[in-house]
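Can you make the complete structure from the sequences, with help from the hints?
Going by this note's numbering, the sequence shown opens with residue 1, and the numbers climb by one from there.
These are calculated hints, taken from the structure and not from any lab test.
Hints may contain errors.
Subject to a maximum C-alpha distance of 30 Å in a straight line, what follows is the list of computed BS3-like cross-link-like pairs (lysine-lysine) [said to hold, decoys possible]:
(1) LYS179 with LYS156
(2) LYS161 with LYS85
(3) LYS183 with LYS145
None of the values given here were measured: they were computed from a predicted structure.
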Amino acid sequence: MIRKAEFVVSNTNPAKCPKADRAEIAFIGRSNVGKSSLINMLTGVKELAKTSQKPGKTQLINHFMIDNRWYMVDLPGYGFAKVSKDKKEKWEVMISEYLTKRSNLCGVFVLIDSRLEPQKIDLEFLHWCGDQGVPFALVFTKADKLSKSQTDKNVKGFLGKMEDIFGEIPDHFVTSSEKSTGKDELTSFIEELVAEYESENTN
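Structure below.
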C-alpha cells in the first residue's frame, strides 16, 4: 500500500532525471488511455497526475517520490495525433533514451485500453520494448466501461497477440480507476519489483 506520494520534478531530458539511486517504476500508454487516473488511484492522491480529456496532456517525464523510498514515473502518452512531426520525433528520442538508459528502472507498465481490440500502435511499442530488453507488464484500463465478458474477450485477444510475438504471455492486470479494480494486485506486484531491486542493489 502506498502511504505517501509527492511530486518531485518534470523535465524533457532523461539526463536531468533525479539521481538513479533508488528503484523506479514507469507508466506509459497511448494518449487518453487513463494513465493519470490510474496513477491517482494507485497513490490515493486525487490530483497527483493531472487528468485531462485532451489527449497528449502529459508531455514531460514526471517523477513522484513514493513513501520516501522509490520513484513512480509518469511518461508522455504515445500516439497523440495533434502534435507536429518534429515534436513526435523529439518525444521518441526522449522516451527511447529514458527507457533504455535509466539504470534504476525496474519495471515499465504499458497501459492498454480494455475497450478496444488490439491496436497496432500498442503492439509496435511492445515489440520495440521486447527488442530493447525493456522489462514491461501490461495494465488493461477502463475495465468498468464494458461488460465483463466483452472486457475479457478484448483482454484475451490482446494477450493472444502477445503470445504470437513473444511466445509467452507477459504479467498483466485488469484495472478500473473509477472502481479501484486491480489496485491491490498491481500495488503488490510493484512492491515485489521494488523489493527485488533493493535486495540486488544494497551495499
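Consistency of the hints with the structure:
1. Distance hint between LYS179 and LYS156 is fulfilled; the C-alpha atoms sit about 21 Å from each other, no more than 30 Å.
2. The hinted pair formed by LYS161 and LYS85 meets the criterion: a straight-line CA distance of about 29 Å does not exceed 30 Å.
3. Under the criterion of a C-alpha separation no larger than 30 Å, the hint pairing LYS183 with LYS145 is consistent with the structure, at around 17 Å.
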